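Chain by chain, the residues:
2 protein chains.
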Amino acid sequence: MGKKVAVLAVNPVNGAGLFQYLEAFYENGIQYKTYAVSETSEIKTNSGISIKLDDVITNLKGHEDEYDALVFGCGDAIPKYNENAEKQFNQDMLAVIKAFADKDKIMIGHCAAAMFFDNLGIVDGRKVALHPYAKTAVKGCIGTDEKTVVDGNFYTAQTENTIPELIPEILKALK
Amino acid sequence: MGKKVAVLAVNPVNGAGLFQYLEAFYENGIQYKTYAVSETSEIKTNSGISIKLDDVITNLKGHEDEYDALVFGCGDAIPKYNENAEKQFNQDMLAVIKAFADKDKIMIGHCAAAMFFDNLGIVDGRKVALHPYAKTAVKGCIGTDEKTVVDGNFYTAQTENTIPELIPEILKALK
Numbered sequence: 001m002g003k004k005v006a007v008l009a010v011n012p013v014n015g016a017g018l019f020q021y022l023e024a025f026y027e028n029g030i031q032y033k034t035y036a037v038s039e040t041s042e043i044k045t046n047s048g049i050s051i052k053l054d055d056v057i058t059n060l061k062g063h064e065d066e067y068d069a070l071v072f073g074c075g076d077a078i079p080k081y082n083e084n085a086e087k088q089f090n091q092d093m094l095a096v097i098k099a100f101a102d103k104d105k106i107m108i109g110h111c112a113a114a115m116f117f118d119n120l121g122i123v124d125g126r127k128v129a130l131h132p133y134a135k136t137a138v139k140g141c142i143g144t145d146e147k148t149v150v151d152g153n154f155y156t157a158q159t160e161n162t163i164p165e166l167i168p169e170i171l172k173a174l175k
Numbered sequence: 001m002g003k004k005v006a007v008l009a010v011n012p013v014n015g016a017g018l019f020q021y022l023e024a025f026y027e028n029g030i031q032y033k034t035y036a037v038s039e040t041s042e043i044k045t046n047s048g049i050s051i052k053l054d055d056v057i058t059n060l061k062g063h064e065d066e067y068d069a070l071v072f073g074c075g076d077a078i079p080k081y082n083e084n085a086e087k088q089f090n091q092d093m094l095a096v097i098k099a100f101a102d103k104d105k106i107m108i109g110h111c112a113a114a115m116f117f118d119n120l121g122i123v124d125g126r127k128v129a130l131h132p133y134a135k136t137a138v139k140g141c142i143g144t145d146e147k148t149v150v151d152g153n154f155y156t157a158q159t160e161n162t163i164p165e166l167i168p169e170i171l172k173a174l175k
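Line order of the protein sequences matches chains A and B.
Numbering-wise, the working numbering puts 20 at position 20 of the first sequence, and it's gapless, one number per residue.
Numbering-wise, the working numbering puts 83 at position 83 of the second sequence, and it's gapless, one number per residue.
Keep in mind that a hint or two might mislead.
One copy or two, either will do: identical chains are not told apart, so a pair holds if it fits within one copy or between any two.
[Unchecked claim] Straight-line C-alpha distance at most 27 Å; calculated DSSO-like pairs for lysine-lysine:
(1) LYS139 to LYS3
(2) LYS80 to LYS3
(3) LYS147 to LYS61
(4) LYS175 to LYS44
(5) LYS147 to LYS172
(6) LYS44 to LYS139
(7) LYS52 to LYS33
(8) LYS103 to LYS175
(9) LYS4 to LYS139
(10) LYS172 to LYS87
(11) LYS3 to LYS135
(12) LYS44 to LYS33
(13) LYS139 to LYS98
(14) LYS4 to LYS135
Keep in mind that the hints were calculated from the coordinates and are not lab data.
Owing to the predicted nature of the structure, the values given are computational and were not obtained by experimental measurement.
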């Protein structure tokens with residue numbers, strides 16, 4: 001049986017990033033379920049389109065073993081993250097990311113993904129690709145200027161625009 | 001005042017293609033309105049996510065003058081197009097594309113977009129980028145193996161994966 005991916009999307013999410021992963025999974029027969037980092041499963045893209053995901057992040061807690069990989073779908077929610085850091089859905093997001101990493105799942109993400117991985121102390125010593133703004137914020141991992149980096153079970157892309165180069169690596173890992 | 005774009009999305013639509021345009025427009029302050037080629041404004045991506053667009057294609061008919069450009073958002077609806085060619089929303093789509101072209105608007109699309117442009121006789125003699133499967137189907141235009149082609153007011157990309165190379169050209173035209 002093929003591997004299964006939990007795809008997290010913040011609210012609002014960058015639709016170009018999110019759907020590059022989803023369409024690639026769909027076209028390659030990789031199972032996935034989408035989780036909104038929000039109180040409801042209906043969220044928006046940065047570009048203002050309402051999208052209805054499969055479930056909310058809270059319902060992923062405790063179900064990490066059902067998946068082989070996690071995708072962090074970044075978006076315009078992140079520059080405002082600090083205003084909402086205490087919200088339950090963001091706390092649940094951190095708990096879920098940590099649980100996936102502790103179970104050595106495949107960890108995938110672009111833009112600020114590596115910053116969250118770093119804050120959680122799950123990517124220490126590894127190289128990552130990440131948004132130039134986030135590069136100054138990481139401490140335990142090695143922030144690079146690469147478009148994409150694969151280091152161990154961590155698959156990171158600098159921004160949504162560099163995801164195309166990461167997709168073949170992700171597909172290799174998930175097949 | 002900046003230019004305004006009507007974005008058509010077939011049902012189902014390739015989300016990676018659609019949102020590469022939308023997020024680029026959003027980030028560059030270009031106005032856009034999204035139209036579902038469907039009876040309702042809620043459609044699905046190839047990858048199975050419900051998305052709610054601004055309006056339906058029928059309501060764009062007769063309003064072409066309000067826009068400077070048209071995007072054709074391709075998707076898995078197209079391989080099944082012939083089964084649904086007689087449906088009103090598909091007839092309306094063709095009428096709208098023709099009207100935009102007749103008014104010399106900027107015409108943008110990937111994958112099968114150039115095939116529809118060709119069938120409507122609006123791109124005769126021009127070079128286009130298009131899906132390899134569609135290349136054999138075009139008659140009046142010059143189907144190429146290029147990743148992207150700009151010829152006059154026609155901006156075409158081979159598939160959703162080559163849209164990143166077309167975006168800078170589109171933005172130049174729309175600013």
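Taking the hints in turn, this is what the structure says about them:
1. LYS139 to LYS3: This pair counts as neither: shortest intra-copy Cα distance 31 Å, inter-copy 43 Å.
2. LYS80 to LYS3: Close neither inside one copy (33 Å) nor across copies (29 Å); limit 27 Å.
3. LYS147 to LYS61: neither (31 Å within a copy, 43 Å between copies)
4. LYS175 to LYS44: Answer is between; shortest inter-copy Cα gap is 25 Å, intra-copy 30 Å.
5. LYS147 to LYS172: Intra 18 Å, inter 24 Å, cutoff 27 Å: intra and inter.
6. LYS44 to LYS139: neither (31 Å within a copy, 41 Å between copies)
7. LYS52 to LYS33: both (12 Å within a copy, 19 Å between copies)
8. LYS103 to LYS175: within (19 Å within a copy, 48 Å between copies)
9. LYS4 to LYS139: Neither: 30 Å inside a copy, 43 Å across copies.
10. LYS172 to LYS87: neither (36 Å within a copy, 41 Å between copies)
11. LYS3 to LYS135: neither (31 Å within a copy, 35 Å between copies)
12. LYS44 to LYS33: both (17 Å within a copy, 15 Å between copies)
13. LYS139 to LYS98: Only inside one copy: LYS139 and LYS98 sit 17 Å apart there, 56 Å across copies, limit 27 Å.
14. LYS4 to LYS135: Neither, since 30 Å and 35 Å both go past 27 Å.
The structure fails to meet hints 1, 2, 3, 6, 9, 10, 11 and 14 from the earlier list, while all remaining hints are met.
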